[in-house]
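There are 2 protein chains.
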Amino acid sequence: MKLGLLVVGSVAFDSVETPFDKIDNALGGSATYISLAASYFTAPVKLVAVVGDDFGKENIKLLETHNIDLEGLELIEGEKTFRWGGKYHYDLNTRDTLFTDLNVFENFDPVIPEKMRSSRFLILGNIMPSLQLKVLNQMTDTKFIVCDTMNLWIENNKDDLLEVLKRIDLLVINDSEARLLTDEPNLIKAARIINEMGPSYLIIKKGEHGALLFGDDKIFSAPAFPLEDIFDPTGAGDVFAGGLIGYIHKTSDMNFDNLKRAVIYGSTMASFCVEKFSTKGIEDLSNLEIKSRYLQFLELSKVDDNE
Amino acid sequence: MKLGLLVVGSVAFDSVETPFDKIDNALGGSATYISLAASYFTAPVKLVAVVGDDFGKENIKLLETHNIDLEGLELIEGEKTFRWGGKYHYDLNTRDTLFTDLNVFENFDPVIPEKMRSSRFLILGNIMPSLQLKVLNQMTDTKFIVCDTMNLWIENNKDDLLEVLKRIDLLVINDSEARLLTDEPNLIKAARIINEMGPSYLIIKKGEHGALLFGDDKIFSAPAFPLEDIFDPTGAGDVFAGGLIGYIHKTSDMNFDNLKRAVIYGSTMASFCVEKFSTKGIEDLSNLEIKSRYLQFLELSKVDDNE
Numbered sequence: 009m010k011l012g013l014l015v016v017g018s019v020a021f022d023s024v025e026t027p028f029d030k031i032d033n034a035l036g037g038s039a040t041y042i043s044l045a046a047s048y049f050t051a052p053v054k055l056v057a058v059v060g061d062d063f064g065k066e067n068i069k070l071l072e073t074h075n076i077d078l079e080g081l082e083l084i085e086g087e088k089t090f091r092w093g094g095k096y097h098y099d100l101n102t103r104d105t106l107f108t109d110l111n112v113f114e115n116f117d118p119v120i121p122e123k124m125r126s127s128r129f130l131i132l133g134n135i136m137p138s139l140q141l142k143v144l145n146q147m148t149d150t151k152f153i154v155c156d157t158m159n160l161w162i163e164n165n166k167d168d169l170l171e172v173l174k175r176i177d178l179l180v181i182n183d184s185e186a187r188l189l190t191d192e193p194n195l196i197k198a199a200r201i202i203n204e205m206g207p208s209y210l211i212i213k214k215g216e217h218g219a220l221l222f223g224d225d226k227i228f229s230a231p232a233f234p235l236e237d238i239f240d241p242t243g244a245g246d247v248f249a250g251g252l253i254g255y256i257h258k259t260s261d262m263n264f265d266n267l268k269r270a271v272i273y274g275s276t277m278a279s280f281c282v283e284k285f286s287t288k289g290i291e292d293l294s295n296l297e298i299k300s301r302y303l304q305f306l307e308l309s310k311v312d313d314n315e
Numbered sequence: 009m010k011l012g013l014l015v016v017g018s019v020a021f022d023s024v025e026t027p028f029d030k031i032d033n034a035l036g037g038s039a040t041y042i043s044l045a046a047s048y049f050t051a052p053v054k055l056v057a058v059v060g061d062d063f064g065k066e067n068i069k070l071l072e073t074h075n076i077d078l079e080g081l082e083l084i085e086g087e088k089t090f091r092w093g094g095k096y097h098y099d100l101n102t103r104d105t106l107f108t109d110l111n112v113f114e115n116f117d118p119v120i121p122e123k124m125r126s127s128r129f130l131i132l133g134n135i136m137p138s139l140q141l142k143v144l145n146q147m148t149d150t151k152f153i154v155c156d157t158m159n160l161w162i163e164n165n166k167d168d169l170l171e172v173l174k175r176i177d178l179l180v181i182n183d184s185e186a187r188l189l190t191d192e193p194n195l196i197k198a199a200r201i202i203n204e205m206g207p208s209y210l211i212i213k214k215g216e217h218g219a220l221l222f223g224d225d226k227i228f229s230a231p232a233f234p235l236e237d238i239f240d241p242t243g244a245g246d247v248f249a250g251g252l253i254g255y256i257h258k259t260s261d262m263n264f265d266n267l268k269r270a271v272i273y274g275s276t277m278a279s280f281c282v283e284k285f286s287t288k289g290i291e292d293l294s295n296l297e298i299k300s301r302y303l304q305f306l307e308l309s310k311v312d313d314n315e
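Heads up: the protein sequence lines correspond to chains A and B, in order. Its first residue numbered 9, the first sequence is counted upward by one per residue in our numbering. Its first residue numbered 9, the second sequence is counted upward by one per residue in our numbering.
Because the hints were derived from the structure by calculation, they are not lab data. Don't be surprised by glycine CBs; every beta carbon is placed ideally from N, CA and C.
Straight line, CA to CA, 20 Å or less: simulated EDC-like cross-link-like pairs of lysine to aspartate or glutamate:
| id | chain 1 | residue 1 | chain 2 | residue 2 |
| --- | --- | --- | --- | --- |
| 1 | A | 197 | B | 236 |
| 2 | B | 197 | A | 237 |
| 3 | A | 226 | B | 313 |
| 4 | A | 214 | B | 183 |
| 5 | B | 214 | A | 183 |
| 6 | A | 310 | B | 261 |
| 7 | A | 197 | B | 283 |
| 8 | A | 197 | B | 237 |
| 9 | B | 214 | B | 99 |
So these bits of chain A aren't anywhere near chain B, every CB distance computed over 10 Å:
| id | residue |
| --- | --- |
| 10 | 65 |
| 11 | 66 |
| 12 | 80 |
| 13 | 93 |
| 14 | 300 |
| 15 | 301 |
Model the full assembly from the supplied sequences, consistent with the hints where possible.
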């Protein structure tokens, strides 16, 4: 049975400056990163997003090479693709947004193609909560819904966001967003509050400190991969979510033990992503590379308790 | 064969203010916390430190109840015990030192009692590196030496500290100290630099994010215990080190796999410590409580990789 995985989010061109280098107009956007990462686990991933007529053929080609179904990728003639520019600080943990040109995204009204509305798995990339709600309203048969969000929406669109939270299964956010959403500094308490807002499962990403998975009255603490050289953190959170939902879709198993493995696969994909600029780190991986790093990940926190 | 565990450090009275409560002149000091924590794993722990004649009998009694050998605890008549006062910020991750009255500690010249000089296991609590060197110079037969330090000594006594590092086996510091010591923001690179300074093993404590163990070209990532209520973080680092060295001494096994378990036992003890003010959280634990939380710790990061 094909259950179907639908990804809705942004496709963008990013201009990124890190302490090491800079790049202009590189492929980016939450839906791009999520789809590429998920494509290593399941196919075809169905992508719904919008681009302008400046979205080059090489980018379409890249997505198609990953067996991503682009029927839901709307191309608007005479307009430009969403652009974002940011600059990372010395420690790569914080960044400033230099510019945001919404372009085609300004009037984005996500229309889910008829055949995709019955997808059982849905991941809502980080876009405005009102758009996430529009997507949710078109879906007929979802089984598991993952959602990402950000501080901007928590601060400015909280009512819509709270509506979204009531209708999803797993929220993926970072630690500062969890604190902002709940006004609670202790992450364990914050997780309980978010659980009461709706989602049965919650993942709090902590960057170089790994991630926490909450659900079924259990907690799983995943390590971060000990990378010596982080080149560009852009998209790491989306790639994490993409690897996660890709693995969940592949296995069709939402038990807590399997969600743990999904978190490690998500972290694995994110560790590849940050090693290169833009999507370069996840464009051409082999299943062997992914599996090998996944096993290294497991080794990192494994304790032989046969004392 | 009794190998012997010697603890050298400070014994103090702490005045601590947290967002929840405050306490004056509570028992504290690195050697106190380390000895109490280690005492749950091995006995007798031998303590070398100095106090004034204001060090009450109830404190002596407490240490004796834990089978701590106090022959090396020097009591100086007419002088006062070392006092420290600090205030924690809202998130409990940072604190300000309000006062430091060195008192008897000002002229502390650690003399290791003859019978303790052949101890095979030594832990140097966080005291001035020149004092740590004096201790090292008196030891005749050490097999495994653990050392703690702090930003103050890294900034002001670095030459002495580098001498100490050449002569120890395991350094235990926190993440900001590791970055300060190496001038390297990436902890994986910082760990390599510290390894070249001398110690074969390194533990970097990351507070609410757990700890990293480095050695034998391996890395172990330990989670933090998901506590909802942290009452007083004072002494948590010392208690971590005490549980760690206590377990290592008990097992006399310095293999990486066993050091992992020692890290989890150290973390276990620290999690009890922060639940109450001062030493209260580790004064009266049962072996069952410790083992039970240790097993919960293991569960936190356990992944069943039988996909």
